[in-house]
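Trainee: These protein sequence lines are chains A and B, in that order.
Using our numbering, the letters of the first sequence map in sequence onto residues 1 to 40.
Using our numbering, the letters of the second sequence map in sequence onto residues 1 to 647.
Rather than coming from a laboratory, the hints here were simulated on the basis of the structure.
Do not take every clue at face value.
Said to hold, decoys possible - Straight-line distance between alpha carbons at most 27 Å, and here's what the computed DSSO-like set of lysine-lysine pairs gives:
id	chain 1	residue 1	chain 2	residue 2
1	B	K303	B	K544
2	B	K473	B	K139
3	A	K3	B	K535
4	B	K133	B	K214
5	B	K535	B	K133
6	B	K82	B	K60
7	B	K135	B	K396
8	B	K139	A	K3
9	A	K3	B	K532
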Amino acid sequence: MGKTIMYVVVSVVISVAYFTLVDHFLMDMQGLDYWYLFRK
Amino acid sequence: MGSITRKKTLAVLALSAMIGLLLLPVVAAIPALASGGEAPAAGGPPPDAAKKDGAESEKKVEKARDVYYKTEGIVSGAPAPKTTDGPKDYPRYNFESRVLLWFANQQHLYYGSFVLAVPIFCMVIEFMGVVSKDKAMAKKYDQLAYDFIKISLTAYSLTAILGGILIFTFLTLYPAFFGYLSSIFRPVMHIYALTFVAESGTLYIYYYGWDKMKEGLLKWLHLSMSVILNVIGTVLMFLANSWIGFMMSPAGVDEQGRYLGNIWHVIHTALWNPLNLHRILGNMAFGGGVVAAYAAYRFLSAKNDEERAHYDWMGYIAMSLGVAFLIPLPFAGYWLMREVYAYRQQMGITLMGGLLAWLFIIQATMIGILFLSTNYYLWQALGRMRGGERFQRYIKYFVFILVCGFLVFITPHTMVMTPAELKAMGGQQHPVLGNYGVMSAKNGGINVIITTTVLSFIWYQRGNRMPAVSWAKFGNIFMGVFFFFAYVNIIWLAIYGYFIPANVRVGLSVPQVATTLSTLFFMTALNLSMLKGAKQIGPIEWGKISVRSQYALIMLATAFTWMMGLMGYIRSSVRLFWHVNEIMRDNSPWAYTHTVGFAANMISANVLFFWISIMFVFWLGTLGAKKAPVEVKSPVPGRAPEPAVGH
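Please model the complete structure; the sequences and the hints are all you need to start from.
Mentor: The following block contains the structure:
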């Protein structure tokens, strides 16, 4: 059970980090601000 | 021994001949290109006129600015003709000339796409056969590749005939326009013709040399021919694409349509590369669909289990190849639309927000049908393997996700309504559903559909296998979490788009696409590595698949055909009343946009004609098939034996 939780946590961290980076950098490459709404 | 050496020599000679044929158009083009590809237009001064003394011609040199590249060039052709409605420029029968041309063009395109796509499949499958260490599988791949090329050979003759009909239709009904277009492309017209000759020659040598070149070095030479064949085919298509690219987004001419001496500018228009990519992917998806339909037809008419097994396998491979190219197709289409907007914003608005917008709703419906059919086929295919049943209970959730994505994807932004309906609804947009008819939501919808299709594929791959790697548990959890957050990211970006300005929102589609592609590439790779040395639950029982699945394949192919006709019509219609956008006006009585209903009927008629004629081609293919004695096969893990059908 402990191992399963660890696997889930690691997977969540990797997935969330990956998709956030994808969103940020691919918007940045187009000269756009992904965080537009939050900076406003 | 002597015979083998002779065969090798002949094979090398054949290969050299093909390379020679491939290079022939380039060599032939050198003088034209070196001289700047002078192309006096129809009605322009004869070439001899240029051979006057230096001083006089110096005076007559006129320079003009390229409409697209904005570079200066020497005027080398006559202006685009200003046509008038009459028998001189638009001779006609008692019928709408545009419809005749539409029919001839569409049929040629259908067959052209098919014969360009199938040799690429053939090359891939033959290569798989050559590198396969399992001799039984190698033989089956080889047989499959042969089956593919056999179908395309008959279709190839029809393509050539339809090409001839198309040229005659142009010459007869639109002589002024065709004269102008061929004058602009004169420096490369003969390259097109020679490339076609090279393609034909290579195809026939490739097909008829199959049996003679089936082993060792000869087989590699044979495989090399398929590479050459596909290079020639692709060049041929790129050249044809340059014509439609020029018609939509002309370059290399001045504002009067006078050629400025740079043929590369004429070819390399703003939309040429997006069109090239879109057409390659589209042709591959279409070709895969047609071959899958052929296999389905043969499966349904099979007389025994062995034939059924073979054609079930063939249908699966063709469908997989077709869908592999279908998945990136919407992204290539997106690039094309982006370039259209970048070239002329008004053109993009006409396409997606104006006159032709409703056709895009039909297109969305067709894309949805394609993906639903693909998923349905994969779920049915789980039935032919033991172990597949463990996934069956989850299918209803997949259906739910797909239908949600599909409904969002096809929701129109505005509705065509009567004044009473408009009043009842309180405006052109539905108060709730109207919110979904925007690109932000639609992008979310299609990406959810594609991600679910990827998941279906991954489950299909796992159908009869259980991962046995030591890190299987982590792999499964990671895959589940990755897919979950992929869905979350796609839906989040779709919702986020509603809260930010349009100029920022437009960029969100790129990370959405990247999310979908991440699941496709990373999760497929992860799945394959997890399935290395996997535990087999049972074999794949080829041929033991529901009949419904085969109808799904036929549905898939028909939807491809219909969508291709639709998209071709949309792309062509966006020029509105121009033969060549903003350069040569269409002054025929048919320079208007048809109603959606008429266009749909016309597309359906084209689809029907294509399928009736291709059924004839399929039937011809069966006439030549001789049954070879079925060899004793060693059981292939995970695969039931397929019969060998003689060449």
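Trainee: Give me the numbers of the hints this structure contradicts, sorted from smallest to largest.
Mentor: Violated hints (numbers, rising): 2, 7 and 8; every other hint is consistent with the structure.
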